[in-house]
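Chains A and B, in that order, are what the protein sequence lines are. Take 1 as the starting number for the first sequence in full-length UniProt numbering and just add one per residue. Take 1 as the starting number for the second sequence in full-length UniProt numbering and just add one per residue.
Note that these hints are calculated values from the structure, not bench results. Where a beta carbon is used, it is the ideal one built from N, C-alpha and C, also for glycine. Please note: incorrect hints may appear among the correct ones.
[To be verified] Derived coverage of chain A by chain B (criterion: at least 3 residues anywhere in the stretch with Cβ under 8 Å from a Cβ of chain B; other residues may be distant):
#1 95-105
#2 496-505
[Stated by the list, open to error] Straight-line C-alpha distance at most 25 Å; calculated DMTMM-like pairs for lysine to aspartate or glutamate:
#3 Lys425/B - Asp490/B
#4 Lys340/A - Asp34/A
#5 Lys261/B - Glu76/A
#6 Lys219/A - Asp94/A
#7 Lys261/A - Asp161/B
#8 Lys219/A - Asp511/B
#9 Lys261/A - Asp278/B
#10 Lys261/B - Glu72/A
#11 Lys156/B - Glu48/A
#12 Lys425/A - Glu85/A
#13 Lys296/A - Glu85/A
#14 Lys156/A - Asp490/B
2 protein chains.
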Amino acid sequence: MKRIATGLISAAMLAAIPMPALAENPDETAQIIDEGLGQSQVQQLAHELVDQIGPRLTNSTNMRRAEAWAVEKMRELGLQNVRKEGFEFGRGWDYIASDVRMIAPRPLELAALPVAWTPGTNGTIEAEIVVAPIAKKEHFEAYRGKLAGKIVLITKPGTGDEPGTAPFRRLDNGEIAKRDAIDLPSFDPDSLERRREQSDYALELDEFLRSEGAVAWVKKSYRDGKLLHGTGYTFESGKTPSLPGFEIAAEDYRRLTRLAKTGPAPRLSLMAETRFVDDDTQAYNIIGEISGSDPKAGYVMAGAHFDSWFAADGAVDNGAGSVTVLEAARILKAIGAKPKRTIRFALWGAEEQGLHGSLAYIRRHMMEREGEEGLSPRELGREWRYLYPATPKPGYSQMKAYFNMDNGSGKFRGIHAEGNVGAEKLMRSWLSPFADLGASQVVAGNTGGTDHVYFQAVGLPAFQFVQDPLDYFARLHHTNADTFDHLRPDDLRQTSTVMAGVLLAAANDEDALPREPIPQAPQDSDPFDYKYPDED
Amino acid sequence: MKRIATGLISAAMLAAIPMPALAENPDETAQIIDEGLGQSQVQQLAHELVDQIGPRLTNSTNMRRAEAWAVEKMRELGLQNVRKEGFEFGRGWDYIASDVRMIAPRPLELAALPVAWTPGTNGTIEAEIVVAPIAKKEHFEAYRGKLAGKIVLITKPGTGDEPGTAPFRRLDNGEIAKRDAIDLPSFDPDSLERRREQSDYALELDEFLRSEGAVAWVKKSYRDGKLLHGTGYTFESGKTPSLPGFEIAAEDYRRLTRLAKTGPAPRLSLMAETRFVDDDTQAYNIIGEISGSDPKAGYVMAGAHFDSWFAADGAVDNGAGSVTVLEAARILKAIGAKPKRTIRFALWGAEEQGLHGSLAYIRRHMMEREGEEGLSPRELGREWRYLYPATPKPGYSQMKAYFNMDNGSGKFRGIHAEGNVGAEKLMRSWLSPFADLGASQVVAGNTGGTDHVYFQAVGLPAFQFVQDPLDYFARLHHTNADTFDHLRPDDLRQTSTVMAGVLLAAANDEDALPREPIPQAPQDSDPFDYKYPDED
């Protein structure tokens, strides 16, 4: 005999049945997916930031516009405690216009950009080139007396490249699985010493060229195909180089060097209009949050650097990450999420010059290290992580998870545990609702070079998403082609949806991600090594 | 019992032993390889042509310099009957300088080139853009009254590309083998009618824009990654367009269109300094030869077009082919080759505007067609091959083989028989000494778009080499990156060596390549077709 149990369980009885953690708010995950994929604002946000504002070189006039936009945008989204946290950086630099031509032996427009943080030309410079490959101080002597009145080409020309892999690609699961391995830590104390010695090279080169009477210097673009970058690093206040520096497209640079080898040295006309911006030497992190219901539960956080290079509009580096963070916040506000823990959103400043913004956040809220006082921003970037002992600040225990995005606009395929293997199980559960969107793999491996690094290095649970590489490194990273139209809007709908979902799961989980130990001074990985006297 | 035959055959006896054709001059093949690979001048020739002279747009001032260089070079090499054969083409056009900027809503240098054969700006034009996608005359009406005072963006912007194959590649043997197949000929008489209708579109568009009061027009580059071309075709004397035309890099063009969609129309500043060259409307083929020992044996010929686009230096298109032809001549002179048949070397003019140079050669020496008199160069390019009957001239029977090179600087992997299957056996034997250099495959397939086409179309034995594609179409063909450093010198040592060897074998072979029949009027391949009234 069978009895059909229709209508026999009341709503009150249902509410009393215990349910697994993830299913506690089953409709919230569905709402996130619906809002993030179906009502996405990523294109509108990216258009405003990338097309309308454009490049965001740290402390440039344009970056100030972007900072104001971001604060306003976070407020519009209804985030709480929206604020700019300043930190000492150095001067800004604006690129206004440039024009570089060969005027002899034949007239030719050259693809070129000024190098960031070099002075303009004050009108137009016309001079002959001299090809003088210089890579270190030891090379200066060979060129003494040969550079007066010249435009000095300092890079070896080399030859055209043969790009044998597809510029645009997605990862297969096997490639991702290979990242499920931890690198042994390694530390060479000599390398820190070498970095100290080398770090003044740019200004020493400038001083050498100036003292020899050179009128400007030129380096070759490090990518072929007429791509340009204009990268340069001498941003410290008061350390103004004397000479205008330019980057010339590889094809145009090599042509100059060949012509100089077989005939009269080509003459160039150089014009760069640039401007130093010294009225505020602080850079800023822009922070907002969705406050949690439990003030003692701490916070989870997502971040992306907001600054960019100036050669194009900072679209995939890192408009993509910035827009994803803002859109994840928008999605969570749109579905009315009420997380237990606070969810904090950070747009970091000055990442491109050495992760200065995230380091400043950690120094302010998380950890102090002996000997850090009095170090300049550049010295902090070089030395801070090697100072011991390291002492946590009160804010240290409040951070439960940090998620970073800075690998272009490719969709999320999973997440790097960054060596924190104890965290993998929880991250797997948080990602699990998004397996059908292609973001399911949790791998142990480490990644470097962006803003999760300092968090992770001080033992905090900090992670970076696995992303499809697309054409990020092939042709966009720091180039003059890093524009809105190389963002992939469908990928960004996915990244913002997954980020929103993971943040909410992390904020509501009964467990928090496990920390790693407070760092100790690293072990020299080759203590028995000897070096030649002149070995680098 | 055995007898050792040492010393029993005299030199005189050896000379009397008949040997197979190829081994007749065994040392000549070895000498060609030695000279071509070990003493190559391809880099020097390419440097002079590509770096020092640069772009060679038909009838431009620079092309005149290049023509003089080629004549001088052929004479230096000791070629006989060096000559320029002129033919009516139209006007030249010089590109001198340009500068294109966005001045609002934010200042930005844009990557751009003027479109060839459009007038300069006479100083600087500043105006707002209007995005008005126009692809044919039927679209004009929709924009009437909306373009006055504007810079008109005529291309649909589309979105960023996703290049999923390697830019630089070599062929595997299987890919080459697939070309061993003949396409059925097909002919649609309507297509000729459509081409007649469309051929005045460029000037009609110019006239429409002028009559509406537009100040300039802009098209989008057809390649992403900041590559530019500047291609344009209205080269006929007396048909000067009114408005300056520009090509803007895809990324920069799309940014303009997005900004125009969401805010005030961007303002641009446009400057182009260009010049029409009308003092000689003839273009020229440059021809030289190594005279054969048998005046009745006719000639074999290698050719490559010598003109280029202007966006860069015409290196892989077709400096590569031009240098290979000259170097093959140099190799043959260096080894003292005394061929039976004359070996003729041709550098064709005006290929890029429609194979005008090779067509002029054929009309002058090979074949006349009823109704060709009085047709303009552009009409000849469009119509000549459809005129019947076709009557060979006396020179027709003199040509025994033509070999063309116009697919970049990739090494030869074999040769296309271009449907002339009767020729395959001979070509295989001529290529056989070069199998170890990778050039051994003879495939039946057809190729189009360059100077062997008219020879082959009138029944002459004319062929194009199979070449490794490298990055020719991915980023170099007609772009601003077509520079010397994307030539591959090792490949060009091989192409010139193989070309020299094949020419000498063809010149000395007892057999000549078989012709195909004199062409007859083609069969309509779909005689039962119907069309909608407005169908293209």
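Going down the list of hints, with the structure as the test:
1. 95-105: holds (count 6)
2. 496-505: Result for this restraint: violated, n = 0.
3. Lys425/B - Asp490/B: violated, 28 Å
4. Lys340/A - Asp34/A: holds, 22 Å
5. Lys261/B - Glu76/A: holds, 23 Å
6. Lys219/A - Asp94/A: holds, 20 Å
7. Lys261/A - Asp161/B: Given that 25 Å is the threshold and the Cα spacing comes to 38 Å, the pair is violated.
8. Lys219/A - Asp511/B: Outside the cut-off at roughly 57 Å; violated.
9. Lys261/A - Asp278/B: violated, 35 Å
10. Lys261/B - Glu72/A: Given pair Lys261/B, Glu72/A holds - Cα atoms ~23 Å apart, limit 25 Å.
11. Lys156/B - Glu48/A: holds, 21 Å
12. Lys425/A - Glu85/A: Cα-Cα ~34 Å, so violated.
13. Lys296/A - Glu85/A: holds, 23 Å
14. Lys156/A - Asp490/B: Roughly 21 Å separates the two Cα atoms, so the pair holds.
Hints 2, 3, 7, 8, 9, 12 from the earlier list are contradicted by this structure; the remaining hints agree with it.
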